[in-house]
Amino acid sequence: MFVFFLSSGLFLGWSLGANDASNVFGTAVGSKMIRFRTAAVYCSIFLILGAVISGAGASHTLGKLGSVNAMAGAFIVAFSAGASVYLMTKARYPVSTSQAIVGAIIGWNFFSGSLTDYNSLSKIVSTWVVCPILSAVIAIVIYKLVVFCIYTLKLHMFTQDILTRFGLLLVGAFGSYSLGANNIANVMGVFVPVSPFPDISFYGWFHLSSAQQLFFVGAVAIAVGVFTYSHKVMATVGEGIVRLSPVAAFVVVFAHSVVLFLFASQRLQSLLIYLGLPPIPLVPVSSSQAIVGAVIGVGLLKGGRGIRWRTLGGITSSWLVTPVIAFILSFISLFFLQNVFEQEVYRSVKYELTPQAVERIQMAGISLNGLESVFGKEFANASQFRKAFTKQKMLTDKDYNFIMASAEIDNLIITAQGLDVIQNQWITEAHKEALRDLEGRHFSHKWLLENALAEKSALWRSRVNDPQYNSDLRSSIDYICTLFRPDDD
Amino acid sequence: MDFRILKQKLEIGKRIDDFLDNVSESGLLFKLGVDSYLKGNVESFEKKLEDITHTENQGDSLRRSIEEQLYVQTLIPESRGDVLELLENMDTLLDRFKGAMWRFEIEYPTIPAEFHDDFKELVACVVDAVEAMVRSARAFFKDIASVADHMHKVSYWEKQSDKVSTRLQRNIFRQNDLHLSHKLQLRDFVMHVDQIADQAEDVADQLSIYVIKRSL
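Just so you know, the protein sequences line up as chains A and B, in that order.
Each residue of the first sequence is one higher than the one before, starting from 0 at the first, in numbering that gives the first Met the number 0.
Each residue of the second sequence is one higher than the one before, starting from 0 at the first, in numbering that gives the first Met the number 0.
Rather than coming from a laboratory, the hints here were simulated on the basis of the structure.
Each hint should be verified, as a subset may be incorrect.
Taking lysine-lysine and the PhoX-like style, the derived pairs with C-alpha atoms no more than 20 Å apart in a straight line are [said to hold, decoys possible]:
(1) Lys143/A - Lys30/B
(2) Lys119/B - Lys153/A
(3) Lys141/B - Lys13/B
(4) Lys30/B - Lys212/B
(5) Lys349/A - Lys386/A
(6) Lys397/A - Lys386/A
(7) Lys162/B - Lys141/B
(8) Lys162/B - Lys30/B
(9) Lys445/A - Lys455/A
(10) Lys141/B - Lys153/A
(11) Lys141/B - Lys46/B
(12) Lys6/B - Lys141/B
(13) Lys143/A - Lys349/A
(14) Lys141/B - Lys30/B
(15) Lys301/A - Lys212/B
(16) Lys119/B - Lys158/B
(17) Lys212/B - Lys31/A
(18) Lys212/B - Lys153/A
Here chain B is said to cover these stretches of chain A; the calculated rule only asks that three of the stretch's residues, wherever they fall, bring their Cβ under 8 Å from a Cβ of chain B [stated by the list, open to error]:
(19) 26 to 40
(20) 149 to 158
Positions of the beta carbon are idealized from the N, C-alpha and C atoms, including for glycine.
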């Protein structure tokens, strides 16, 4: 069954390779500086390396949007996203896999009655506008700098050609690496908790975890996509919008990589915080948008006459259409899978204002006056719960999110079997010690487990000004919840 | 993409330099050849003719190998067509120098002593025009910002050679003790030499378009 469900992840991986990978080498191939075959080989190698080595840092913002909690549901989400990206690839438009996944997850949220976090959604959607603009600005700045350098250094035409080719390969390899690292979680993330692969160690000096092996399989699917189908989208990126000179092609890929780095580097964020500067929010941005933005930036710098606005209009509308198609596909397929094939596509999450939850909410200074009628009442899903208390009370978004999190019912039992299977690099022996102390206990809310762990050890407490640690902590708690939730076995 | 390509590129860059050296050398040989002819030193003239023929052959084979390498190895894909056209045009200049020398060898025209200085001046202007063109072509590869400075000199020497050629032709036809057939033959020689400078200016005009295409 695992292999069957995995197939949709592999399909999504394939369509990612066919579409997103073209961003990285599209301009290089379009300007004839690198042959398609060479580009595909380099792209695949670095994609796989990125996925296996740095793939563990999953994008949490997508997770916040809605957590698909059943295998069959994950299958459909991945399938719908993959199919919509495939359709767009057929039409030769560079779209973003993240966009498709956002659409598919919202489809799942609607179907399962879960709530979509509009805060995260608006944050993600706003990057769809900000990212191309920022990318265009960065491309213009880099282009000016590169031109200045070329004129100052008085490079020979052939030397410039060699440097541009090496540069294209270098930024292309870097781009492929980041693409693998950032996107493998979209493709394979949902399958990590159920991965059947055992850890492998090669003579003690080289270790491959279960997740890394899964990421490797996903990355191979992406590489297959690159080889079999990315040629056409590469042509759109490389020649469709505006004809690029080799130097401009280099600038475009470079600017795209800088934008991805700015929005994805946790180290940069920590550095900015350390220096007392305002940090850049870590949001998954689309490489397609970054590349198209950069291409337009360079086009505008040259007067904008060469830009084919028709193609650009097509690309922009494909960005709007992709999440919508993914949403519709996801919703309809979930309906079929549940009602025709009788598969569990979501695990229902119940909500109840239990006495502990009420206490927690009141301790946080949020008044529950007028909501007494809802106390102790169980609601089948988030939408129903929300309806019940929004009818009676107006709340701020923050308070509302806090109440939702507090009232979410879970069923967590810390068992010895669960403790034995923990395979997570972040969770050390000291972390496990705190967990062992809780063996045999039952928690009806996730936050109760979090509090109990925080009481046992400082390692399980979030830290001020350490977003990296806190995000690792959150994902580790999510991970152990999947192990200790009896329904999920 | 490895060090082999790096080596090939350095090689082709050197070949283009060698080819441009040939063009420049053919101009100098032409100048020396005409000097020898005017002095009546047949042996030296024939030696120069032999040298210029050799240089032209060398230039041809260099141009062919550069063309082949550029296409087979897909080097400088964006400017490849322009580079090939430029090299072919430069080769035409080389051919014209050789052609002019052969014409002297075939027709052995009698050039009256009073035209010798003007003839030498015309040849000097034409060779300078081609020399400036060679410098422009080198700058196109090495320092694109300075191409315009050299191209300006091509135009200057072309205008100078036009002036000298007009003056020379006028003087030839005002010389009463020459047959019309002799005058016509000399006029043809003057025009043939002057056309080399015109050709150099045409190449410069095309080069200015390549420069615009390559500008970043």
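- request: Report the numbers of all earlier hints that the structure fails to satisfy, in ascending order.
  value: Per hint list: 1, 2, 4, 7, 11, 13, 14 violated.
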